[in-house]
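Using the hints, put the two standalone chains together into the complex.
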Amino acid sequence: MLINPINRNTMEESNESTISRREMIVGTTAAIAAITLANVTGTQAAPHTVPLSLAKVSFTVNGQSHDLEMDTRTTLLDTLREHLHFTGTKKGCDHGQCGACTVLVNNQRINSCLSLALQHQGDTVTTIEGLGTPDKLHPMQAAFIKHDGYQCGYCTPGQICSAVAVLNEIKAGIPSHVSASLVEKPQLTNLEMRERMSGNICRCGAYSNIAEAINEVAQKQA
Amino acid sequence: MKTFTYERASIPAEATAAAARTPGAKFLAGGTNLLDLMKLEIEAPQHIIDIGKIGLNKIESTPAGGLHIGALVTNTDLAAHPIVRRDYGLLARALLAGASGQLRNKATTAGNLLQRTRCPYFYDTNQLCNKRVPGSGCAAIAGFSRQLGIIGTSTSCIATYPGDMAVAMRALDATVETVKANGAKRTLSLDQLYRLPGQTPHLETTLEKNELITSIVLPPPVGGVHIYHKVRDRSSYAFALVSVGAILKKDGTGRVAVGGIAPRPWRIESAEPLLPSGAKAFTAQLLKGARPTKENEFKLALVERTLTAVLNEAKH
Ligand SMILES: Cc1cc2nc3c(=O)[nH]c(=O)nc-3n(C[C@H](O)[C@H](O)[C@H](O)COP(=O)(O)OP(=O)(O)OC[C@H]3O[C@@H](n4cnc5c(N)ncnc54)[C@H](O)[C@@H]3O)c2cc1C
Ligand code: SF4
Ligand code: FES
Ligand code: FES
Chain A
11 MLINPINRNT MEESNESTIS RREMIVGTTA AIAAITLANV TGTQAAPHTV PLSLAKVSFT
71 VNGQSHDLEM DTRTTLLDTL REHLHFTGTK KGCDHGQCGA CTVLVNNQRI NSCLSLALQH
131 QGDTVTTIEG LGTPDKLHPM QAAFIKHDGY QCGYCTPGQI CSAVAVLNEI KAGIPSHVSA
191 SLVEKPQLTN LEMRERMSGN ICRCGAYSNI AEAINEVAQK QA
Chain B
8 MKTFTYERAS IPAEATAAAA RTPGAKFLAG GTNLLDLMKL EIEAPQHIID IGKIGLNKIE
68 STPAGGLHIG ALVTNTDLAA HPIVRRDYGL LARALLAGAS GQLRNKATTA GNLLQRTRCP
128 YFYDTNQLCN KRVPGSGCAA IAGFSRQLGI IGTSTSCIAT YPGDMAVAMR ALDATVETVK
188 ANGAKRTLSL DQLYRLPGQT PHLETTLEKN ELITSIVLPP PVGGVHIYHK VRDRSSYAFA
248 LVSVGAILKK DGTGRVAVGG IAPRPWRIES AEPLLPSGAK AFTAQLLKGA RPTKENEFKL
308 ALVERTLTAV LNEAKH
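Protein chains in written order, with my numbering: chain A, 11 to 232; chain B, 8 to 323.
Same shape as in the complex, but just chain B (with noise of 0.2 Å):
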């Protein structure tokens, strides 16, 4: 690991005002995904903001009926929410498929959504990596991409948005809250909040240096049956190779995310209408364009035999 200098910030101004003044500044939230690449020295801040212990940490109705949680909240937390649980099953499943019970303790709301890919070329630093180092090539296009994306991806970079709570936020119609240094607030999709690769696969997201995600906010709850559905190599504590999240309604209409497929969860509103007429069509429309490579585009017919599943999981 390179040498960091470091801080821990009382109040989200502090934190916001430290990533403004010091160069190469990161925050450190749960500090599961950031230290892991700190550690293989893919990411090597200058300087650590320990935002630990800024508060954030609340889950909140919203005057609409909606939900707000606090970007520190931990996995654990959300997940065992009583509203969560009651309400948005399918954030508490997605999140409960995630890593493991001491990682879901530790992670926290918005570093789980900003957790970097795991294409294996990305973690060997031996390898050709655009997002890693950008200009340089990318291994992964001719190499092992079993793992990787089908859709959204470009000729610089294949990799996917690894997690699996994002693909619930993503169903859910979540917004993110931010701040900057300056005070300024916006409020953020999370087509919005993340970038397609392009040429530029080592800008991930829209969010500026010295910007803090604050909150996560749900509107009211979608009725329907809420399914969130893993495949992956092993049954627990693995990576999705596809997971599918899902509301649907007992007449099929309803929404669907989908995950390790594409650098960011997969969802197309415009397909939706669609999905009372079933999986084939649905995934044709949702696949549209995509362009698998030889090792993933078994990918294709996951996708669509992972939401069979999920529709008939919800008739009954």
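Next comes chain A alone, as it looks inside the complex (with noise of 0.2 Å):
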């Protein structure tokens, strides 16, 4: 499907400092290019240089700190699927136009196809697989299966993502486009959810099964 942009790049020439394959395969991101590569293009043993720029960062994941060394250019999205395996977070878009990436980075919604991993250094961060497991499921969780929120699940982990920050950001007063007064608490209404969620597309169009997840949830906690 969408092809990793590490092993797109690994194919560009520069002139800046290069490294040969051999040299490169030390960390882990430049171990999964090279193999990617050789797969990809069916190269053999031929000498392929590969400018490759890494830095460190360190941030915990549902609860588990990790200390990375990556590609500068790879993003929180990929380092969380290609890297830490946690690929409940989907790749819709690659740019901040769908929400299927959706994660909480502490307590906040984000993309996470438009953060560099790198930009995250001492953060929390949590995935779908940190909101719950299958035998002890987040309320929004349990409410996406019971109204249906959804058709070919791709979108849902973002949905469910971005559905629990909208009930703690409404919780929290913090206006939206459609609420009527800006000074006022915003109210837990249909219309402020749809806006709310307007960054979560959903190709199956599961649209008011999701709303009638969130209300669900966002009653109970009222």
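Since the hints were made in silico from the structure, they are not lab data.
Careful: at least some of the hints might be erroneous.
As the list claims (entries may be wrong) - Part of the chain B face toward chain A, derived, beta carbon under 7 Å:
hint, residue
1, T10
2, F11
3, D43
Unchecked claim - Calculated Cβ distances over 12 Å to all of chain B for the following chain A residues:
hint, residue
4, N72
5, Q74
6, T134
7, T143
8, D158
9, G163
For every residue, glycine included, the Cβ atom is placed at its ideal position computed from N, Cα and C.
Structure follows, in structure tokens:
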């Protein structure tokens, strides 16, 4: 499906400091890039030079801390999926337009595709895997199942992470584009939920069931 | 994405020094615009200076009774701030009309001001674009120009400044404070910050490479009804075709800035005495000299009608 940007870049030439393929197989990032390159291009042992720039970062994902050394270009999304194997978080557009990659960073929702891993030094990241597990579901996960808030399920982890954050944002009194008043506490209306969830696109159009799922959790919390 | 080296600055002076020292360096704030463009290789900085953790993330009242907004304050935090909601409703409304909840959590005040155009030909690296490749030509002028600019444009570029927040900032007379590597500080109005394209559409602002925006300052609040009316192709999560940011008094006087039509938020102070005469008279003066394309001449009428709606809303 979508090609990891790391792989694409291994095929580029550069005048900058370059590292031979053999030298490159040191870090995890490099190893993955080199192996995939061989698969993609079918290159044999021919020497191939790769521009590479690595940097370190440490952050916590779902309660566990990670010290990483990454190709500087690696997004938080690719780090989660390709390096830490939290494949619950999905890549839809890779450009901030669909919300499939939504995760919580320090309890706030962001698009992990438009963030470098390196930007998250010291941060606390929660993915769909960290919200709940199959035998201990987060109330929002349970509500999505109950209300059939999906069809193919691809947008669902992003929808659920976003929905959890939306309820926190309303609770914190953060207004939205559709809030009638900027100073009064925002209401838990269907219109509010829809506006606040507009950064999460569902290609299957499960919107009305998603709204019902969120509404149920909202009413229980209220 | 092209490779780049990376460093994390911890204070503003470190960031500006790094920018002065390193060729091809760029500041990275939230990253929601820069990384998007780097993925498409429209931007290809050789060095990234991450300013996400340099501080500058406070909102404070000024002795003059205005508001001092740190460059790294997020769009969410700015829109949710009690003083902004109470006294600068136009700003809160414009922020909340932009992007999505996820993006606003990451986007910063300075990064938002400096977001680049959404011209579809600028984004498509197979197309000619003077902004992306100076001197290469402009595919938009004879192309699909529905979204593009009608005024302040040139024969080289008809792109618009796409953002919402800056429209409110322009109407509020916000100023931008900067610092350079040598410690020199400047204060710029938004009209001094944004350049018109002329024959050099790749130069969008008057900032120097090592110049960091440190804050945005709002003068004391202006009384009146604060309205931000954004017209777009879908009701959420889309850029403006036309937007009107206005502060209007009961007697019909006020100030208006318009988004989605020009390379910068469009405000003509000398037209504002015409506001009490109604949308038609004011719009004629505001858009004097407009050069729309066949595809976007509808924006002339759309500005007037959006403003009519805003003026009516202000009366009620
Ligand atoms: C899908 C999508 C929809 C969107 N919809 C809207 C919308 O409807 N309305 C709207 O207004 N915006 C919209 N946006 C744009 C969004 O608001 C911007 O991407 C965001 O505000 C940029 O802020 P940032 O901090 O992430 O900037 P960055 O991407 O980090 O930086 C942008 C630019 O500013 C420079 N910069 C950043 N901070 C400083 C500083 N302190 N000093 C000097 N230079 C600096 C950077 O070098 C870079 O060139 C949308 C974006 C996406 C992806
Ligand atoms: S309008 Fe400007 S940004 Fe768009 S293609 Fe022409 S030169 Fe490029
Ligand atoms: S993958 Fe991040 S928003 Fe689409
Ligand atoms: S369930 Fe298929 S995209 Fe939403």
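(request) With 12 Å as the threshold, tell me whether G163/A passes as away from chain B on beta-carbon distances. (result) holds (20 Å)
(request) Taking the shortest Cβ-to-Cβ distance between Q74/A and chain B, state whether it exceeds 12 Å. (result) holds (22 Å)
(request) Identify whether the interface hint at D43/B stands, where standing means a beta carbon of chain A within less than 7 Å of its own. (result) holds (5 Å)
(request) May I ask you to test the interface hint for F11/B with respect to chain A, counting a Cβ-Cβ separation under 7 Å as satisfied? (result) holds (6 Å)
(message) Minimum C-beta separation from D158/A to chain B exceeding 12 Å: can you confirm that?
(response) Per Cβ check, D158/A is outside 12 Å of chain B; nearest 24 Å; holds.
(request) Over 12 Å to the closest beta carbon of chain B is the bar; see if T134/A clears it. (result) holds (14 Å)
(request) Using 7 Å as the Cβ threshold, decide whether T10/B counts as touching chain A. (result) holds (4 Å)
(message) The output says T143/A does not contact chain B. Does that hold with a beta carbon cutoff of 12 Å?
(response) holds (24 Å)
(request) Grab the minimum beta-carbon distance between N72/A and chain B and tell me whether it stays above 12 Å. (result) Per Cβ check, N72/A is outside 12 Å of chain B; nearest 19 Å; holds.
In this structure, every one of the numbered hints holds.
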